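K.L.:
Could you build all of it, start to finish, from the sequences and the hints given here?
The end of the sequence shown is residue 269 by the numbering used here, with every number in the run present.
Rather than coming from a laboratory, the hints here were simulated on the basis of the structure. Where hints are given, some of them may not hold.
[As the list claims (entries may be wrong)] Restraint-style ranges between C-beta atoms, simulated for each label pair:
(1) P59 - D148: 41 to 49 Å
(2) A224 - H123: 21 to 29 Å
(3) K62 - A247: 32 to 40 Å
[Claimed, not checked] For lysine to aspartate or glutamate, the following EDC-like pairs were computed, each having C-alpha atoms within a straight-line distance of at most 16 Å:
(4) K51 - D63
(5) K165 - E77
(6) K49 - E61
(7) K49 - E89
None of the values given here were measured: they were computed from a predicted structure. Heads up, the beta-carbon is just placed ideally off N, CA and C, and yes, glycines get one too.
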Amino acid sequence: MTSQTDVVVQGIRDLIIKGKLQPGDRLPVEKDLAEALGVSRNPLREGVRALSMMGVLETRQGAGTYVTALDSSLLLAPMGFVVELHDRSGAHHLHAVRRMLETEAAGRAARSISPDDLAAAEQTLERIEAELAKAEPDHEAIIDDDIAFHRIVARSSDNPVLAALIEALSGRTIRDRLWRSVSQHGADEATHAEHRSILAALTTHDADRARARMAAHLFAVEDYLRQRPPANEPLPDP
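P.N.:
Here it is as structure tokens:
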């Protein structure tokens with residue numbers, strides 16, 4: 032049996048899909064909306080709260096409730112939380128999905144990346160090089176710049192939904208990437224060389240090479256996880 036809260040969620044969703052509510056529109060007052068949907072006020076509030084958590088609605092203190100811009104990054108953000116709940120034993124499956132998405136993003140980025148984003152990617156890799164030159168590199172700083180590099184590529188794909196999907200998955204993969212960085216000798220240097228090859232393909236706007244090099248880069252992470260899945264215990268000391 033469908034709950035009244037579900038009726039609210041479905042009803043507001045239908046209003047948005049049919050264009051009766053547009054991004055940025057204010058919802059009707061509570062009494063009128065409850066009557067229109069055929070529910071009482073408590074389920075209405077629960078439904079509005081659920082849609083707010085999904086990034087569909089936002090409540091402004093003293094001003095009412097509004098439809099958000101319905102930006103892909105907002106709507107897909109909750110997926111990151113769901114992914115976080117997955118069993119760590121399936122980490123390689125998650126990375127396989129990440130590989131497929133980021134491989135396509137790299138190919139698209141090769142065709143559309145801007146000079147500013149190429150410069151930003153270069154600066155990111157230069158920071159990693161400076162860190163790797165130290166006697167005791169900061170693995171977390173390296174991973175932060177690793178994430179920044181991949182974020183630039185995803186953003187440059189010129190597809191906000193693809194970029195949002197990659198972003199939603201990236202948080203769950205950080206620990207696995209850090210585990211490899213700390214525990215596998217030479218992993219940081221190998222990863223950096225792979226990043227350099229990806230950037231070279233992006234710089235020459237070679238979509239096929241960008242896809243191939245991103246895929247090879249991410250297969251290396253998958254192979255590591257298949258051989259030695261990260262455990263739930265604390266990370267080993269560098």
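K.L.:
Is it true that A224 and H123 lie within 21 to 29 Å of each other by Cβ?
P.N.:
holds, 22 Å
K.L.:
Take the C-alpha atoms of K49 and E61, compute the straight-line distance between them, and say whether it is at most 16 Å.
P.N.:
Given that 16 Å is the threshold and the Cα spacing comes to 20 Å, the pair is violated.
K.L.:
The hint says 32 to 40 Å between K62 and A247; measuring C-beta to C-beta, is that right?
P.N.:
violated, 60 Å
K.L.:
Given the hint of 41 to 49 Å, check if P59 and D148 actually sit that far apart at their C-beta atoms.
P.N.:
holds, 42 Å
K.L.:
Just to be careful, I want the Cα atoms of K165 and E77 compared with a cutoff of 16 Å; is the pair within it?
P.N.:
Measuring from Cα to Cα gives roughly 53 Å; hence the hint is violated.
K.L.:
For a C-alpha distance cap of 16 Å, please report whether K49 and E89 respect it.
P.N.:
Distance ~20 Å between K49 and E89 Cα, so the pair is violated.
K.L.:
For K51 and D63, compute the direct alpha-carbon distance and say whether it is at most 16 Å.
P.N.:
Since the Cα atoms of K51 and D63 sit roughly 15 Å apart, the hinted pair holds (cutoff 16 Å).
Checked against the numbered hints above, the structure breaks hints 3, 5, 6, 7 and satisfies the rest.
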